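Asker: Chain A is fixed; fit chain B onto it per the hints.
In the order they appear, the protein sequences are chains A and B.
For the first sequence, the working numbering assigns the number 1 to the initial residue and increments by one for each residue that follows.
For the second sequence, the working numbering assigns the number 1 to the initial residue and increments by one for each residue that follows.
Just so you know, nobody snuck in bad clues.
Far from chain A, by Cβ distances over 12 Å, these chain B residues were calculated: (1) A32; (2) R39; (3) P159.
Label pairs and their computed distance ranges (CB to CB): (4) A75/A <-> R60/B: 55 to 61 Å; (5) G100/A <-> V101/B: 28 to 34 Å; (6) Q260/B <-> D129/A: 29 to 35 Å; (7) D192/A <-> D29/B: 31 to 37 Å; (8) D22/B <-> G229/A: 43 to 49 Å; (9) R89/A <-> R259/B: 31 to 37 Å; (10) E241/B <-> R89/A: 43 to 49 Å; (11) P15/A <-> L263/B: 38 to 44 Å; (12) A98/B <-> A62/A: 44 to 50 Å; (13) G229/A <-> R89/B: 48 to 54 Å.
Covered stretches of chain A, going by a simulated chain B footprint (3 or more residues, C-beta under 8 Å): (14) 161–174; (15) 251–263.
None of these hints come from the bench; they were simulated from the model.
In this text, all values refer to a predicted model and were calculated from it rather than measured experimentally.
Backbone N, C-alpha and C fix where the C-beta goes; we use that ideal spot for every residue, glycine too.
There are 2 protein chains.
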Amino acid sequence: MTPSELRIRALAGFPPVRPGDDPGELVADAIARARESLRDGDVLVVAQKIVSKAEGRIVRLADVAPSPRAIELAARTEKDPRAVEAILRESVEVVRAAPGVLIVETRHGIVLANAGADMSNVEHDEEDDHLLLLPEDPDASADRLRAALVARASGGGGPRIGVIVADSVGRAWREGTVGLAIGVSGLPARLDRRGEPDLFGRALHVTEVGIADSIASAASIVMGEGAEGRPAALVRGLSFEDRSEAERAGRARDLVRPRQRDLFR
Amino acid sequence: MTPSELRIRALAGFPPVRPGDDPGELVADAIARARESLRDGDVLVVAQKIVSKAEGRIVRLADVAPSPRAIELAARTEKDPRAVEAILRESVEVVRAAPGVLIVETRHGIVLANAGADMSNVEHDEEDDHLLLLPEDPDASADRLRAALVARASGGGGPRIGVIVADSVGRAWREGTVGLAIGVSGLPARLDRRGEPDLFGRALHVTEVGIADSIASAASIVMGEGAEGRPAALVRGLSFEDRSEAERAGRARDLVRPRQRDLFR
Chain A
1 MTPSELRIRA LAGFPPVRPG DDPGELVADA IARARESLRD GDVLVVAQKI VSKAEGRIVR
61 LADVAPSPRA IELAARTEKD PRAVEAILRE SVEVVRAAPG VLIVETRHGI VLANAGADMS
121 NVEHDEEDDH LLLLPEDPDA SADRLRAALV ARASGGGGPR IGVIVADSVG RAWREGTVGL
181 AIGVSGLPAR LDRRGEPDLF GRALHVTEVG IADSIASAAS IVMGEGAEGR PAALVRGLSF
241 EDRSEAERAG RARDLVRPRQ RDLFR
Chain B
1 MTPSELRIRA LAGFPPVRPG DDPGELVADA IARARESLRD GDVLVVAQKI VSKAEGRIVR
61 LADVAPSPRA IELAARTEKD PRAVEAILRE SVEVVRAAPG VLIVETRHGI VLANAGADMS
121 NVEHDEEDDH LLLLPEDPDA SADRLRAALV ARASGGGGPR IGVIVADSVG RAWREGTVGL
181 AIGVSGLPAR LDRRGEPDLF GRALHVTEVG IADSIASAAS IVMGEGAEGR PAALVRGLSF
241 EDRSEAERAG RARDLVRPRQ RDLFR
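One chain only, chain A, in its complex shape:
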């Protein structure tokens, strides 16, 4: 059922995140600080950055030896060859390279500038730059987050919640970033609308809805871009009880268009 009302609340007051921290504990603490308790249907959207930091996905550029290919691509894209090397190690294909732009397909199948690697909001000093990579397996990160939140929410049973690990990304043809679901656990990543009739009984022309990406974009409105210190949001009002078990067990990979159906490589 399409919900008739959604409430989206930013979760704030996170401490600085260090490698080895438990993102589930951090988010659970933030929920407690907000005096919320999790209910069936709640979806937690968590910024990739805090998950990556907790998982220690930080590369010290001084430790990276760029390959000849990275040096060539760095010249073409006007980027640091060490950063390009770190990005290539996360990638299976370079989709576009131009001055200032390096768009790749990551190991997760996501087409992203710089493989989602980021130099902002990583603690740094000028002489020792770091790059923050995407989580190794964001769907697995979402699973662990969900398990930790369910365990902490209740002694047994626990609410049926979903977790999205989200990033802010650029797009083809459009200016401005939107949210993207790079990890999904406990909710559909996309909703199949095939065969559902429209108001006049005709089968719907639109086939599938990218629900997890839409939820990630909705949450991005309250999470901001990192400067605000709000790396998570609680989305309340969704229900996927009418959906099949398979659909409810969505994965971010479900949102990746298969290469053979992709006209924009």
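Answerer: Same frame as chain A, now just chain B:
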């Protein structure tokens, strides 16, 4: 300021929309039915379909004589040559054509399958098919909607609200549709974050946020895909008071990436 909480409520109970209807009246009636009254910062997201229907943007395929180019493209895309002709008349460029797929840039600068034209949720009989086109000028449609809603909300002054005319669209690389702002009035289409420092004082790597597209996607979660009869949503909790007058007067065109910066044509 990034809002810390958003509430998104579907507006329902719309009558069938006919050419000549006033979309502002329809949405104002729906707001009244929901026992809401508009406040400063509210954003109304309205489905392109009801705006297009009210504006009479309906093409009877039987009236369309396909050009040789439309006939050729129809063969390549396995589409009705009359529909392809109607789509080409809305377009400035064919971006991709393949079996089942016709992606164009519309006159508004939006890269869209079938120029956003739709055969679902248009009343039809089997022998007389119709195509519903995008509004002629969706930003102007949003302006008119906003003026009508402000006028109806109050005798004088009126709340500072925003209006987004939204469509559900497919994307490059990703499965599943998301919401897109095709018309914008009274709010920023994108937010400039250039120069805002992150938590560690470094200038943000991400430059701009596609806020109107994110709001359209957020609203799409409660609006569904037409089968539910919820062609509008009220988004409450936003505030753009800290933004410049120019940014607050956003247009959907602000979200179109200039061709010279577009690597995916």
